[in-house]
Amino acid sequence: MTKRTVDVSIPVGPVHPCWKEPARVKCETRGEFVLSAEVELGYMKKGIERIMRGRPWQEVMFLAERVCGICSVIHNMVFIEALEKISAIPVPERAALLRVIVNELDRMQSHILANFSYCYTIEHETLGMYLLDTRERVMDELERITGARVTCAYIVPGGVRFDLRPEDALHLRAGMDALERDITRYMGMFEHGPLIALRSRGIGILTREAAREACAVGPTARASGIPDIDRRLRHPTYQKLGFAPVSREEGDNFARIMVRFQEVLQSIALIRKCLDTLPEGPIRGGGIPGAGEIAYSGEAPRGELSYFIKTDEAGRVVEISIQTPSIMNIEACCHYMLKGVASLADVPSTFVSSDPCIACTER
Amino acid sequence: MREPMYEKDLTAMKYAILESRRHDGMVREIAADIGVPQLRMRRYLMDRFDMLLLENLPARYEQGKKMREGSPEPERALGSHLYTRAVPIIDEGTMGQILEGVREMVRKGIPLDQAVNSGKERMRKEITA
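Heads up: the protein sequence lines correspond to chains B and Z, in order.
Per the numbering used here, the very first residue in the first sequence carries number 1; after that it's consecutive.
Per the numbering used here, the very first residue in the second sequence carries number 1; after that it's consecutive.
In isolation and in its complexed conformation, chain B is listed as follows:
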């Protein structure tokens, strides 16, 4: 009997053991080869923009954090900084640096979680579990400074909620030393693991042109050789810290994971620099948000996060629209990376390598 290769539509998800959140990727295949993929969402739509509309900023700042549980700090930061821009509220230097510390801790835990997910997906559970353990230590540092592990509500107009105590600064410095040691070791394991390379190198390639066309952002774009996409380059505090983005040229699953590892080490260096240059002074300058309209962006762990806000005289949010980085990155993943993947077995790992956040996408 002659064997035939046939075209089949294979749904992956919405519930999949390797995915953190539900999404359905419909793959059109010819044998093992993936011809195209499309995505169905709607399994966890929150409608949070509509909930925000008409509410005072004091309520919306808490709602903003609840768009995403993994990168809640940056939602808090971008929303508050947008309000500060509208009303020209100054931020004391100490508070600005404390914001960077907390934001970078949040980025670290998000990147480590993303890399854990990838290692788990390609069945390298040992490295995955090491990474999860490391993430817990980052979360502990975040809790020590802000009082909470997620939805910290640390950043408020004109400053931050709590100061960094000297004993916490010492603990953070020691924690960063230990984290640097561990992450360097795990990065080496990932970089030189032959089986990891087999599942990661040359798979799920996103070319620079495709990344630009899909408006990919964050580590997904930086792994395809687009370094200038990092919003931190335009942030005054990061500019003072001499921030320079990480990028790679390969554009495959391997590059995306490596960029995140490199960015964790970069975050450690930034936190150290903040601790070294942290001046004495107030952490809250005061100020009340008023009327205005702004489009403001910040660099979330997954890329550029944009808030389009309109407020009235009382600081009530009249209009709001949130553009999260996962929208662009998952689109780049499904319409460019997955197209042409040689084996259906690489679909989950390629999807996970783009660090998809469905909670952000279905805000």
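Note that these hints are calculated values from the structure, not bench results.
Heads up, the beta-carbon is just placed ideally off N, CA and C, and yes, glycines get one too.
Check before you lean on any hint, since a few could be wrong.
[As the list claims (entries may be wrong)] Derived Cβ-Cβ restraints for the label pairs, each shown as a range: (1) B:208 <-> Z:11: 30 to 38 Å; (2) B:225 <-> Z:103: 33 to 41 Å; (3) Z:103 <-> B:228: 45 to 53 Å; (4) Z:96 <-> B:228: 26 to 34 Å; (5) B:180 <-> Z:11: 47 to 55 Å; (6) Z:93 <-> B:30: 19 to 27 Å; (7) Z:96 <-> B:278: 56 to 64 Å; (8) B:143 <-> Z:93: 37 to 45 Å; (9) Z:29 <-> B:312: 20 to 28 Å; (10) Z:11 <-> B:202: 34 to 42 Å.
[To be verified] Partner residues are not named here, just some residues of chain B that face chain Z (Cβ under 8 Å, in silico): (11) 8; (12) 243; (13) 327.
Got chain B sorted already, so can you dock chain Z onto it with the hints?
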């Protein structure tokens, strides 16, 4: 016959995506540029794109608009890159034919505006067919 468990009608959810402020603004601009009713344009986008591409359309549209400004005529006037790559509502082959037709008209001495209008008429036909 039993229906597959997950094959749902996504029209309502796709419409909800297009209702957002930024999507709505984008649909209005595209509809006005090509000259089709907004409702027809929404329907066309919902039929043609999956939910994720719909979500990403405003970002793609903004970037496509920037590229449009830098391109030569008649590509700029027709938005050939914008409507084939950034917001892919017209197939590249069809847009190639439209562009060729417009260039041919210009070669024959027909004013650019008039030639572009006939090109847009062809785009309208593609969308409303």
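Against the structure, the hints:
1. B:208 <-> Z:11: 30 to 38 Å: holds, 36 Å
2. B:225 <-> Z:103: 33 to 41 Å: At roughly 34 Å between Cβ atoms, residue 103 of chain Z and residue 225 of chain B fall inside 33 to 41 Å, so the hint holds.
3. Z:103 <-> B:228: 45 to 53 Å: Given range 45 to 53 Å: violated, Cβ gap about 35 Å.
4. Z:96 <-> B:228: 26 to 34 Å: holds, 32 Å
5. B:180 <-> Z:11: 47 to 55 Å: holds, 51 Å
6. Z:93 <-> B:30: 19 to 27 Å: Taking Cβ atoms as reference, residue 93 of chain Z and residue 30 of chain B lie about 22 Å apart, which means the hint holds.
7. Z:96 <-> B:278: 56 to 64 Å: Distance hint for residue 96 of chain Z, residue 278 of chain B holds at roughly 59 Å.
8. B:143 <-> Z:93: 37 to 45 Å: violated, 57 Å
9. Z:29 <-> B:312: 20 to 28 Å: holds, 26 Å
10. Z:11 <-> B:202: 34 to 42 Å: holds, 39 Å
11. 8: Since chain Z brings no Cβ nearer than about 14 Å to residue 8 of chain B, farther than 8 Å, the hint is violated.
12. 243: violated, 24 Å
13. 327: With a minimum Cβ separation of about 5 Å from chain Z (threshold 8 Å), the hint on residue 327 of chain B holds.
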